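J.: In this text, residue positions in the sequence shown follow my numbering: the first is 1, and each later residue adds one.
Since the hints were derived computationally from the structure, they do not count as laboratory data. A quick note: this is a predicted structure, and the numbers were derived from the prediction, not measured. Don't take each hint at face value.
To be verified - The calculated label-pair distances, taken between Cβ atoms and stated as ranges, are:
hint: 1; residue 1: T41; residue 2: E64; range: 16 to 26 Å
hint: 2; residue 1: E64; residue 2: F40; range: 14 to 24 Å
hint: 3; residue 1: G25; residue 2: K61; range: 32 to 42 Å
To be verified - When the alpha-carbon atoms are kept at most 20 Å apart in a straight line, the in silico SDA-like pairs for lysine to any residue are as follows:
hint: 4; residue 1: K7; residue 2: V57
hint: 5; residue 1: K61; residue 2: Q9
hint: 6; residue 1: K47; residue 2: V18
hint: 7; residue 1: K53; residue 2: Q17
hint: 8; residue 1: K47; residue 2: K58
hint: 9; residue 1: K47; residue 2: Q17
The beta-carbon is built from N, C-alpha and C at its ideal position, and this holds for glycine as well.
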Amino acid sequence: MAQKKHKPQEIIGKLRQVDVLVSQGRPVTEVIRAIGVTAFTYYRWRKEFGRLKSDQVKRLKELER
Numbered sequence: 001m002a003q004k005k006h007k008p009q010e011i012i013g014k015l016r017q018v019d020v021l022v023s024q025g026r027p028v029t030e031v032i033r034a035i036g037v038t039a040f041t042y043y044r045w046r047k048e049f050g051r052l053k054s055d056q057v058k059r060l061k062e063l064e065r
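Model the full assembly from the supplied sequences, consistent with the hints where possible.
T.: What follows is the structure, encoded as structure tokens:
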């Protein structure tokens, strides 16, 4: 299976989308499936990026390099 490399801004957008849909009452598993990632990927992203804003993510990635 080919891996898709998501950009940090895309990840932040998808995490925000999950937050919105879950707050509307949809189950987390259904929402994760809707954004097109696995549950493992979602929870890994949430652990890494948490509540960061996109500009903070850019800075974090630059510091890691």
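J.: Failing hints, ascending?
T.: none
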